Amino acid sequence: MRKVREWLIEKIILLNGFACILFVGLIFFFLAKDGLALFRTFSPAGFFLGTLWNPLAEPPQFGIVPLFLGSLWVTLGAALISVPLGIACAIFIGEIAPRWLREILKAGVELLAAIPSIVIGFIGITMLAPVIRNTFHLTTGLTAFTGSVALAFMAIPTIVSMMEDAITSVPRHYKEGSLALGATHWQTIYRVIVPAASSGIVASVMLGIGRVIGETMAVMMLTGNASVMPKSLLEPVRTMTATIAAEMGETVRGSEHYFSLFAVGLVLFAITFAINLVADMALHHKKK
Amino acid sequence: MKITAQTKQKIAFGFLGAAAVTVIVPVILIFVILIEKGLPALNWEFLSAMPRMGMRAGGIYPAIMGTLYLVLGTIAVALPLGVLAGIYLVEYARQNFMTRMIKVAIVNLAGVPSVVYGLFGLGLFVIFLKFGASILAGSLTLAIMILPVIITSTEEALSSVPRSFREASLALGVSKWQTIRYVVLPNALPGILTGTILGISRAAGETAPILFTVAAFYLPRLPGSVFDQCMALPYHLYVLSTQIPNVSTKLQYGTALVLVGLVFLLNIAATLVRSRIRSKKLW
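One line per chain: the protein sequences are E and P, in this order.
Using numbering that gives the first Met the number 0, the first residue of the first sequence is number 0, and each one after it goes up by one.
Using numbering that gives the first Met the number 0, the first residue of the second sequence is number 0, and each one after it goes up by one.
For reference, chain E alone in the conformation it holds in the complex (with noise of 0.2 angstroms):
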């Protein structure tokens, strides 16, 4: 009796371990289903090549160029931010500041990851895109930037926690060492401690980046919506999350415009795949 209760409990926990390889090819399944049946009446190349996003034109356009540049252009201006930031903020505390003033940064930068995206919206909304319109002299101030900046603040908790682990877990005797040489302290963290740490540096500054990237809210308010080839940071654009998230609610149910919102969802799915993977890839790479 018990063994077979045992063996009963065994098998439903097995189960359970593998509920996560199921749920990630569910999700590909079911964005798979409906974002393949674009090309049922749409051209591969007319989505992957074509540069006019306009579902309502007549034949309508689903061209993903110019959301994907948008993804790309505001993923940049946050990276531009957000990774140098990041940085230097996990080497202060990691390494710089006293131990109470580490203490302060650090759940600083756990209280900004706690910040739903949502509110970050709101306050970019109201706050962050006056300062834009005015300090740059723009019409709007809902651009790419502004998206940006939004994005890098969210980026940066990421950063910032996993290269905190990355550099506190560089063993104490190559720092040890590198000081009894007679080498000063900074001259140790950029010569030693981030050269040793660099395959989490490179982890967490691509964690960050595909959390950027998947970000949907914050940007949808922030980055104007407007779906045009971008030209400049300081233009509004329109990412590809945003899209999914602001079209889908006027779409009719298996109609073509729905599908092709399925597509751009596949096409995420496969970008932050393939962003986790190598990310995965470098930090696995650190502990062989």
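Any given hint could be a false lead.
Covered, in the sense of this in silico footprint (three residues per stretch, anywhere, with C-beta under 8 angstroms from a C-beta of chain P), are these stretches of chain E [to be verified]:
(1) 26-33
(2) 80-87
(3) 151-163
The calculated lysine to aspartate or glutamate pairs, modelled on EDC-like cross-linking and capped at a C-alpha distance of 16 angstroms, are [said to hold, decoys possible]:
(4) K129(P) with E44(P)
(5) K32(E) with E255(E)
(6) K105(E) with D164(E)
(7) K102(P) with D279(E)
(8) K175(P) with E90(P)
(9) K249(P) with E35(P)
(10) K102(P) with E35(P)
(11) K175(P) with D164(E)
(12) K175(P) with E255(E)
(13) K10(E) with D227(P)
(14) K249(P) with E44(P)
(15) K102(P) with E90(P)
Simulated from the structure, these hints should not be mistaken for laboratory data.
Nothing here was measured: the structure is a model prediction, and the numbers come from that model.
Backbone N, C-alpha and C define an ideal beta-carbon position, used for all residues, glycine too.
Chain P: place on chain E using the hints.
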């Protein structure tokens, strides 16, 4: 003149410190602004009344309750699933290809964009399983989204229970499952709880996954069953700040403050649980 290594260090540390300040100041600013502009809106009526006049007046009671229902539904699904998956990975799984695949799957689940979870929930729960836009569909979608958080924290909590505890129990002739159930799990419980609370706080704040699966634009009553739509705080804030013209900023900031306050309280709770374990740990 040659700059000495010491001067270089001072300059470099100055820049690093400035970066840390640049990161922290906006966080403080956001909270000061939210509290300063949101606090005047908070009163008993705001928290307990239905919205009125096309949501330009009245309270946010149905949105608060909707978020609570969603969070409860999410936890009911994600907690058992995540804890059992964590137990499998730490206690049962061997170091083989399948285990590696499960870990890769968890990492990828954690990285899937929230709006893609929304699409997935729409495709599977709302349409394929015919749940319609409902609390059930929304909770299931959110549950899968926070699963990686719960699994990872369960794994950490279980691995931190010393091996000797298990060996002592097994040596007494106790079966493997009973050892896990009566020896390992009680010791890992606070760690699992911390991860669960952090998962809840993420689920409570997310908007994109509930857009197409549950959120109601305006529903001035409480849902009757799990097959009903409901309002939710994050979506309500989205509606107030972008979809309806001429909403008083007091109402918007009030809603934002309630949402951030809720998420913040959950995070404090998680931190308290975590520091309690650290101080009580006997091994």
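Hint by hint, here is what the structure shows:
no.: 1; hint: 26-33; result: holds (count 5)
no.: 2; hint: 80-87; result: holds (count 4)
no.: 3; hint: 151-163; result: holds (count 3)
no.: 4; hint: K129(P) with E44(P); result: violated (37 angstroms)
no.: 5; hint: K32(E) with E255(E); result: holds (13 angstroms)
no.: 6; hint: K105(E) with D164(E); result: holds (12 angstroms)
no.: 7; hint: K102(P) with D279(E); result: holds (10 angstroms)
no.: 8; hint: K175(P) with E90(P); result: holds (9 angstroms)
no.: 9; hint: K249(P) with E35(P); result: holds (10 angstroms)
no.: 10; hint: K102(P) with E35(P); result: violated (44 angstroms)
no.: 11; hint: K175(P) with D164(E); result: violated (34 angstroms)
no.: 12; hint: K175(P) with E255(E); result: violated (54 angstroms)
no.: 13; hint: K10(E) with D227(P); result: violated (35 angstroms)
no.: 14; hint: K249(P) with E44(P); result: holds (14 angstroms)
no.: 15; hint: K102(P) with E90(P); result: holds (15 angstroms)
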